[in-house]
Structures are given as structure tokens and as C-alpha cells.
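Going down the list, the sequences are from chains A and B.
Heads up: take any position in the first sequence, counting from 1, add 141, and you land on the working numbering.
Heads up: take any position in the second sequence, counting from 1, add 519, and you land on the working numbering.
The reader is advised that the hints may include incorrect statements.
Claimed, not checked - Derived BS3-like pairs (lysine-lysine); straight-line CA-CA distance at most 27 angstroms: (1) K598/B x K377/A; (2) K588/B x K527/A; (3) K581/B x K625/B; (4) K593/B x K543/A; (5) K595/B x K543/A; (6) K595/B x K527/A; (7) K595/B x K534/A; (8) K597/B x K543/A.
No lab work stands behind these hints: they were computed from the structure.
No experiment lies behind these values; they were computed from the predicted model shown.
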Amino acid sequence: MAKITRRSFVGIMAASTTALSMPSIAFGALPRVVVIGGGAGGATAAKYIAKDSKGAVDVTLVEASKRYYTCFFSNLYLGDFRNYGSIGHNYYGLAVNHGVNMVHEWASSVNGAEKKVYLGSGATVSYDKLVISPGIDLKFNSVNGYSPEAQSIMPHAWKSGTQVQLLKNQVKGMKKGGTFVMVPPPNPYRCPPGPYERISMIAHQFKKTNPTAKIVVLDPKNKFSKQGLFMEGWQKHYPGMIEWISADTHGGIKKINTSTMEFETDLDTFKADAASVIPAQHAGRIAMNAGVNKGDWCPIVPTSMQSQADENIYVLGDASIAKSMPKSGFSANSQAKVAANHIRGSLTGSKVFAPRFANTCWSLVATNDGIKVGANYDAKPDKINKTSGFISKTGEDSNLRKATYEESIGWYSGITSDMFS
Amino acid sequence: MKSKFVFFSIIILLLFSNKILADDKALAGADFEYGQHLSGECVTCHNSTGLGQGIPKITGMKTAVFIKKILAYKTKEKKNAVMQMVADRLGEEEINSLALYLSKTK
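Only chain B is shown next, with the shape it has when bound in the complex (with noise of 0.2 angstroms):
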């Protein structure tokens, strides 16, 4: 019974350990009130009940994704002046807080 018990905890632990690693490496510096906080600045024009038209819905959006459009209006890849102004003054640590925010944000 105990050694089952410890073979659980080890196995959740681990499992949950390499969660918080990947979650890390992933967003550093993410913070989640400073997403929602940022976020603000986000939904002036991102209808925040998905229900815009002619500017797409952000929020439940994949960290990933997020990052990489951000990152694309960033380089001037992606075209959109607004958008591009808007990346233009997010730092790494603003970006992986909003993408921490909005993916968890229906």
C-alpha cells in the first residue's frame, strides 16, 4: 500500500514537474494578472465576447500562436499598422503574460 502510494506520488510529480519546466521555458516571465492587465490595451478592438467582425477573436488562443503572430507583427512580417505598432512596444515578458492570459481566457 505505502509503496504504491509513494510510486503515485513520484510518477504525479514527475509528471507535473516536467509540466511546470515546459510551462517555464516556454513563457518566462509570464504573469498572469499582468496578461489580464495587458489585456486591456487588447480588447479597445479584440470584441471580448468573440463576436467581432473584421478583427479576429484572441482570447482561448494556444500560447504558441499568440506568440508567434506577435512575434510576426514584431519583424514587420505580418502586416497590420496597428498591430505592428502594438507588438512594437511588447517585451518578452509582456508577451508571454498576455499569452498566459488570453489562453486560459474564453
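Chain A on its own, in the form it takes in the complex (with noise of 0.2 angstroms):
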């Protein structure tokens, strides 16, 4: 038994309140780490911190989902690449081969000063360190006439889970040489290169069963992620089927009509026979209720991830600030290794290494043709900023392209297995 530190002394204290405030979850007398969202940042962070500290710190990872579908690859199921359980994972390996402790509920506020967090059931779990990893939720009024009502009819699929089911259905079933519409989200938003190897997944399925059908991109940007690449391999693969439209071209999306399927533009109306509306981000709600958050994001300290708000939270993934890096599941894998070894180091002593920050995003655009797009990022302190990178090139050789595809399955495998096992 380890001996009582003044530390694990304040935890047993802490504890003795915990239990006297029923409904509670207490958990004893090691350090405590509350981990909300279990997906590539918050999955990550409660295996690494429970798997290093060989059980010296207590983890309990707060996810709503007890089979978690990733939003990385969901493009690939609209392509037919993947079958949608190939997408899914549980987390039975964190809780068997780590002793992570589940609790599959909404988290539903956080007390800083107290150090609790408030789940949908009333219970409360207390804290040493939190770890916030919440990923986006959607502004839907960000687009007018855009609504969580309207996603059941232009689904964003944004989130991964049914979401990429129904829009797969609207995409197999829409009319024969029939209008796809596509409205990209503006930056910064989760997977920058996602919305464009979307397009190239659904123009992928028009081309086998539907091959005279449309697909027009109203995009609020004036460029996009991997754009070149993205654009040869669409002129190669689906010659006349795409047409993206910028919006200093379209001048701005004025309205959209769910009833007559309808988008308003200063350059013309769009009528779609099938869409999808990826409307505006911001971080997870939960981070907003915590108050981490500056504005739509939660500004963090690039050397450990900690919230600039309160040292005692980490905010990790798409949620946080991270300047130069992307918002992506390789990206929120690897702030969650730096957190947890900074929250490792602070619990129990252990050696804090520098931080180290790395991302690539892989696109698939046609069958075996993969593209992908990298870098690498060390903490500043006022930013995390880029130190090198690579991205494919145009016109690479469709060898190069198959390998960079199957580096991807590879990539899925990898980073799943990290999360989960």
C-alpha cells in the first residue's frame, strides 16, 4: 500500500466530503482523474495516465456512449470502404487491461472551486485533475434556416453515429441524375480535409449506381484543406460531377429551405435533391458550462494542455486552442500523451518529459488513391507551433497513392488500438 503523502492525505479527506453528499461516486484514497469524452483525446488521456502510473492514480472516464463510433473513417462507410461496425469500438480493454473506471452518462456541469463534476443522473465524481475532451457541437443558426430539427432532413454527420447512417440511406436513395448539395462548415472546424473527402466518397457512390447525378459545394471559404489534391483527383476520377463554388462566387449562403430543399445565394437559387448542411463549431458544451472556454474555444497552455482558466482542467482535441494544429483524432491523441504525462508528473511525481506534438490527416479520394497531409509541433508558450511538415503531391504515382491508402488502415488500426486496448 502506498504510504500517505500529504496528497493522497487531502484525497482521503476529500473523499470523506464526497461520501457525505449523496448521490456520490467516491473511489478512495489515490489521486483522482476525471476524464469527460471518451474519443481520441479523452479515451487516450485515461489509458496513458492509468496504464503509466501502474495504479497510483484512480481514472474514471465519463462517456455517454458505451460503443463509441469514430468520426475519422465515417467517410469511408459513405464510400463503402468500411461496413459502419468497423467504425465502432467499446471500452472493455480500458476498463479490463487498465482498470478504468467507466461511468457511461452525460457529464453535465463542472464546479471548478469544488473540483466535481455533476452527471445526468444527480451522482457527483470529485477530482484532483479533470480532463475535459468534449470534441464540437454544431451553431446550427449559422447557417439561416439551418436547424437540429432540419438535420433529419440535411444531416450534418458531423458527430459520426446515426447521423452518417441517414445521410448514407439519402445518398443511395436520391432520384437518378438527381442534385447533391454540400455546404461545408467555415474554419476553424473538426477535419479540415473531412468535408472534401466526403465529396469524394458520395461522388464515389454516384459514380457506381447513380453515375449522371451532381454534387454542388457551396463552400463559406474561399479554399479548402488539400484543395489541389482534391481538386485533380475529382477532375480525374469524377470528370463534369463536382462543381465547388466559393463564396466569394456564390456571394454567401442567404437561406436555406428544408421544405423545398432550396439554397439561397446571391449568385443563384440551388435546388438539391438530397444535402448535407455542416453548419459552424464551437467546443463541446461541456466545456462552456466548465467556463474554460474564451469565445467558441478553450485557450490552453501549449507546454501541458491545462486550461488557461484553471490548472486543475485539461483541455484536450478539437475543443481546445491549438493554434497551428489542426482540429483531427491524430491531433487529440497526441495533446492527450502530453497531458497525461503532465498530470502523471503532478499526481505522483513522475518524470515530466518535454512536450512533443504531432498530426496527419490521411483523405481517401478514389479507390486506392490516399492523400495525406502532416506535421509536426512543439509548445511555445504562448502557441503550439509548427516546426516542420509534408503534404502529397499532385500527380503522384498511383503506387505512392495505394501505399498512402493502406498507410491509412493502417493509421486506423494504430490509433484505435491505442485508444482502446
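Join the two chains into one complex using the hints; note that each chain is given alone, in its own frame.
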């Protein structure tokens, strides 16, 4: 048994207090870490803190879903390159292999002063350190005419789950020779190349079953991630099918009408037979609720991923402002390891190493045509700073593109194993 | 009896010190814990269970093999944009620590 240190003594005191304020969940005298959100940031952080502390830290992961469907690779499901089951994962590995306490509930609020998380059931969980990794929530009203109700007609499908299945059904069921309208989100948003990989995968679907269909992209931006690579691929694999219209060209989306399926812009009114609208985004609601946001996103200390508002709270992944690091599953996983090392160091005195961040985003344009962009980052006092990077080149040979696609499959297997087993 | 003990002790000591010297020479600055920490970056892609597809398994790799591969990415002799970027920021201490950790991990 570990000897009683000042820190664990404080832990015991806190546990006793918690036990009195029923209903509550108290896990004993070890230093306690609570992680909210079981995605690429949260699941990784929970695993690494539990694994590397070898039982010296009590880790609780609060995640509403028992089975988690990754947002990354959901586009490949749209294109029939993956089945839906293959992007779903459970948390047994974290619980059984690493002793992570799983709480399948929504976290409803955080009291930073008392270091407590309130759960949907009314129970509370106390923490010494809290990790918030909630991903994104959507600003439905950022597109005039879009709403939570409209998401069943024009799915955003930007949080995986049933929305993606709905979108796929709509793509497959669209009338022959019809028009699919896609509205990508404005910056900054989760997964910068994601909307354009989605366009590629929908085009791939149409090429097989509905070859005279058209895709109109009404972008609120004038440029996008891997633009040259995607446009080259669209021209090569889906000639004449995709029309990408920049913000300057269409002059802004004035209004959408989910009954008539019309998209009104300065340039024209576009009528859709099926559509996907991805609105603007902000940090997941619980981060806003915890008060660690500044505007839509959460400022962090680059060396540790601690919130600038509360040193006992760490914010990971999409919800954080990681400056030049994109909002991606890879980034969240990388940030989680920096935070886990820092948290463990502050709770158990273990060695804290210099932070190292990295990201790579793979996208699939067509069968065996994979592209990628990636970068290394280091922590400057004021921001996470890009130090080097690469991007696939236009005109690459097909063997390299195939190898890039196969590499992305390996990465999916790697990161999901890293998160969940 | 006593001389036999001294003899064997010397033999064991010699063998052991030779081993230490050999490892030290090959893996300057190698630190197992640092290697374990750094490997967090590897296992985002290289499946820690060794069941990856499209990306090779690196756990259990002999130190010399690992170091040779990383250096080949560093000099751009081996072609893979992600690995060239990874290798680019690894110094000798990092490479040796990773080599040590991965060689001892299944």
C-alpha cells in the first residue's frame, strides 16, 4: 500500500466529504483523475494515465456511449470502403486492461472550485485533475434556415453515429441524375479535409450507382485543405460531377429551405434532391459549461494542455485552441499523451518530459487513391507551433497513392488500438 | 572451493561488463523510461498489438535494425513522408532510447 503523503491525505479528506454528499461516486484515497469524453483525446488520456501510473492514480472516464463510433473513417463508410460496425469500439479494454472506471453518463456540469463533476443522473464525481475532451457541438443557426430539426432532412453527420447512416441512406436513395448539395463549415472546424473527403466518397457512390448525378458544393470559404489534391482527384475520377463554388463566387448562403430543398445565394438558388449541411462549430457544451472557454473554443497552456482558466482542468482535442494544430483525432491523441504525462507527474511525481506534438491527416479520394498532410509541432509559451510538415503532391504515381491509402488503414487500426485496448 | 568461486566470479564479471560496454557503445544516452514515453508517438500508427495493416510492427525490433531504419528516414534514403518527418526531430538520445524500449517490448 502506498504511504500516506500530503496529497493522498487531501484525497482521503476529499473522498470523505464526497461520501457525505450523497448521491455520489467515491473511489477511495488515490489521487483521482476524471476524464470527460471517450474519443481520441479522452480515451487516450484515460488509458495512458491509468497504464503508466500502474494503479497509483484512480482514473474515471465519463462517456455517455457504450459503443463509440469514430468520426474519422466515417467517410469511408459513406463510400462503402468500411462497414459501419468496423468504426465502432467499446471500452472493455480500458476497464479490463488498465483499470479505468467507466461511467456511461452525460457530464452535465463542472464545479471547478469544488473540483466536482455533476452527472446527468444527479451523482457527482470528485477529482484532483479533470480532463475535458468533449469534441464539438454545432452552431445550427450559423446557416440561416438550418436547425436541430433540419438535421434529419439535411444531415450534418459531423459527430458520427446515426447521422452518418442517415446521410448514406439519402445518398443511396437520391433520384437518378439528381443534385446533391453540400455546405461545408467555416473555419475553424473539426477535421479540415473531412468535408472534401466526404464529397469524394459521395461521388464514388454516385459513380457506381447514379453516374449522371451532380454534386454542388456551396463553400463558405474561398479555399480549403488539400485543395489542389482533391480538385485533381475529382477531375480524374469524377469528371464533370462536382462543382465547387467558393464564397466569393456565390456571395454567401442567404437562406436554406428544408421543405423546398432550396439554397439561396447571391449567385443563384440551388435546388437539391439530397443535401448535407455542416454548420459552424464550437467546443463541446460541457467545456462551455465548465467556463474554460473564451468564445467558441478553450485556450490552453501549450506545454501541458492545461486550461488557461483553471490549472486543474486540461482541455484536449477539437475543443482546445491548439493554434496551428488542426482539430483532428490524431491531434487529440497526441495532445492526450502530453497531458497524461503532465498529470501523472503532478500527482505522483513521475518524470515530466518535454512536450512533443504531431498530426497527420489521411484522406481517400477514390479507390486506392490516398493523400495525406502532416506536421510536427512544439510548445512555445504562447502557442503550439508548427516546426516541419509535408503534403502529398499532385501527379503522384498510383503505387504511392495506394501505399498512402493502405497506410491510412494501418493508422486507423493503430490509433483505435491505442485508444481502446 | 574459494578459488573456484573467485574464478567464476571473474568470468561472470568479465562477461557482464563486456555486455554493458557493448550496449553502452551502441546506445549512448538510452533511457528505457524515455523510450517508453517517446513510443507513445509511434503507437498512434504502429499497432501496439502487432496486428496493423499497411504499417509494420516495430515492437520487438532489434536495436541495430531500428536505428538503421530511422537513420535511413533521417537521410531521406527511405521514402515515407510521415516517417521522414518523425525521424527528422529525433536526436541520438531519442533514437537510442526508443531502440532500447522497443527491443524489449513484445
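Checked hints:
1. Taken as a hint, the K598/B and K377/A pair is honoured in the structure, with Cα atoms around 25 angstroms apart against an allowance of 27 angstroms.
2. Of the supplied pair hints, the one linking K588/B and K527/A holds, its CA atoms being roughly 25 angstroms apart against a limit of 27 angstroms.
3. With a C-alpha separation of about 11 angstroms, the suggested pairing of K581/B with K625/B holds against the 27 angstroms cut-off.
4. Between K593/B and K543/A the CA atoms are separated by roughly 23 angstroms; this keeps the pair inside 27 angstroms, and the hint holds.
5. A threshold of 27 angstroms between alpha carbons decides the hint, and for K595/B with K543/A the separation of about 20 angstroms falls inside it, so the pair holds.
6. Of the pairs offered as hints, the one joining K595/B and K527/A holds, with about 20 angstroms between alpha carbons and a cut-off of 27 angstroms not exceeded.
7. Taken as a hint, the K595/B and K534/A pair is honoured in the structure, with Cα atoms around 17 angstroms apart against an allowance of 27 angstroms.
8. Taken as a hint, the K597/B and K543/A pair is honoured in the structure, with Cα atoms around 17 angstroms apart against an allowance of 27 angstroms.
Of the numbered hints stated above, none is contradicted by the structure.
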